[in-house]
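A.B. asks: Residue numbers (our numbering): 1 to 108.
Incorrect hints may have been included.
[What the hints assert, rightly or not] Calculated cross-link-like contacts (lysine-lysine; reagent style DSS-like; alpha-carbon spacing at most 27 Å):
| no. | residue 1 | residue 2 |
| --- | --- | --- |
| 1 | Lys80 | Lys100 |
| 2 | Lys80 | Lys90 |
| 3 | Lys6 | Lys49 |
| 4 | Lys104 | Lys55 |
| 5 | Lys85 | Lys59 |
| 6 | Lys104 | Lys89 |
| 7 | Lys53 | Lys2 |
| 8 | Lys53 | Lys88 |
| 9 | Lys85 | Lys55 |
| 10 | Lys59 | Lys100 |
| 11 | Lys100 | Lys90 |
| 12 | Lys104 | Lys59 |
| 13 | Lys49 | Lys88 |
| 14 | Lys104 | Lys88 |
| 15 | Lys5 | Lys53 |
| 16 | Lys2 | Lys49 |
| 17 | Lys89 | Lys59 |
| 18 | Lys104 | Lys90 |
| 19 | Lys6 | Lys53 |
| 20 | Lys80 | Lys49 |
| 21 | Lys100 | Lys85 |
| 22 | Lys59 | Lys80 |
| 23 | Lys53 | Lys80 |
| 24 | Lys100 | Lys83 |
| 25 | Lys83 | Lys49 |
| 26 | Lys5 | Lys55 |
| 27 | Lys2 | Lys55 |
| 28 | Lys100 | Lys89 |
| 29 | Lys5 | Lys49 |
| 30 | Lys49 | Lys59 |
| 31 | Lys89 | Lys55 |
| 32 | Lys100 | Lys53 |
| 33 | Lys59 | Lys90 |
| 34 | Lys100 | Lys88 |
| 35 | Lys55 | Lys90 |
| 36 | Lys104 | Lys85 |
| 37 | Lys59 | Lys6 |
| 38 | Lys104 | Lys80 |
Treat the hints as calculated values from the structure; they're not laboratory data.
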Amino acid sequence: MKLNKKQFVIITFLIFWGIIGVSITTGVWESQMQGIEVHEGEFSKDDIKGWMKLKAINKLFGVPLEYTCNELGLPGNINKEAKLKDLKKKYSFEMAELRKIILKYHNQ
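My request is simple: use the sequences and hints to build the entire structure.
C.D. replies: Next up, the structure:
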């Protein structure tokens with residue numbers, strides 16, 4: 001059996017999307033990040049990720065935004081909706097520093 005270009009494209013398309021469809025229905029494929037479950041009073045430094053926003057970090061871990069900004073040397077008019085990875089590049093701090101600051105705040 002010889003396939004022309006159109007048939008080949010259609011079969012390839014169906015196989016590609018068929019594999020993805022089966023993976024999604026069986027639970028193998030996940031296209032969204034799982035949320036972080038944080039309970040009041042619990043803290044894990046591993047919960048802080050670069051895709052998180054500065055505002056969310058302060059809300060999740062109960063650390064005032066002003067405290068975090070002062071300790072990291074960030075300006076007071078910082079965009080609270082900015083992702084940590086973007087702030088890290090712009091203001092040259094490490095995620096380990098942020099984790100230590102949050103731990104320090106909770107150990108006061």
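A.B. asks: Against this structure, judge whether each hint is valid.
C.D. replies: We went through each hint and held it up to the structure:
no.: 1; hint: Lys80 with Lys100; verdict: holds, 20 Å
no.: 2; hint: Lys80 with Lys90; verdict: holds, 14 Å
no.: 3; hint: Lys6 with Lys49; verdict: violated, 45 Å
no.: 4; hint: Lys104 with Lys55; verdict: holds, 18 Å
no.: 5; hint: Lys85 with Lys59; verdict: holds, 18 Å
no.: 6; hint: Lys104 with Lys89; verdict: holds, 23 Å
no.: 7; hint: Lys53 with Lys2; verdict: violated, 55 Å
no.: 8; hint: Lys53 with Lys88; verdict: holds, 11 Å
no.: 9; hint: Lys85 with Lys55; verdict: holds, 13 Å
no.: 10; hint: Lys59 with Lys100; verdict: holds, 17 Å
no.: 11; hint: Lys100 with Lys90; verdict: holds, 20 Å
no.: 12; hint: Lys104 with Lys59; verdict: holds, 16 Å
no.: 13; hint: Lys49 with Lys88; verdict: holds, 11 Å
no.: 14; hint: Lys104 with Lys88; verdict: holds, 19 Å
no.: 15; hint: Lys5 with Lys53; verdict: violated, 47 Å
no.: 16; hint: Lys2 with Lys49; verdict: violated, 52 Å
no.: 17; hint: Lys89 with Lys59; verdict: holds, 22 Å
no.: 18; hint: Lys104 with Lys90; verdict: holds, 23 Å
no.: 19; hint: Lys6 with Lys53; verdict: violated, 46 Å
no.: 20; hint: Lys80 with Lys49; verdict: holds, 15 Å
no.: 21; hint: Lys100 with Lys85; verdict: holds, 17 Å
no.: 22; hint: Lys59 with Lys80; verdict: holds, 11 Å
no.: 23; hint: Lys53 with Lys80; verdict: holds, 7 Å
no.: 24; hint: Lys100 with Lys83; verdict: holds, 18 Å
no.: 25; hint: Lys83 with Lys49; verdict: holds, 9 Å
no.: 26; hint: Lys5 with Lys55; verdict: violated, 52 Å
no.: 27; hint: Lys2 with Lys55; verdict: violated, 59 Å
no.: 28; hint: Lys100 with Lys89; verdict: holds, 18 Å
no.: 29; hint: Lys5 with Lys49; verdict: violated, 46 Å
no.: 30; hint: Lys49 with Lys59; verdict: holds, 14 Å
no.: 31; hint: Lys89 with Lys55; verdict: holds, 17 Å
no.: 32; hint: Lys100 with Lys53; verdict: holds, 17 Å
no.: 33; hint: Lys59 with Lys90; verdict: holds, 22 Å
no.: 34; hint: Lys100 with Lys88; verdict: holds, 15 Å
no.: 35; hint: Lys55 with Lys90; verdict: holds, 17 Å
no.: 36; hint: Lys104 with Lys85; verdict: holds, 21 Å
no.: 37; hint: Lys59 with Lys6; verdict: violated, 54 Å
no.: 38; hint: Lys104 with Lys80; verdict: holds, 21 Å
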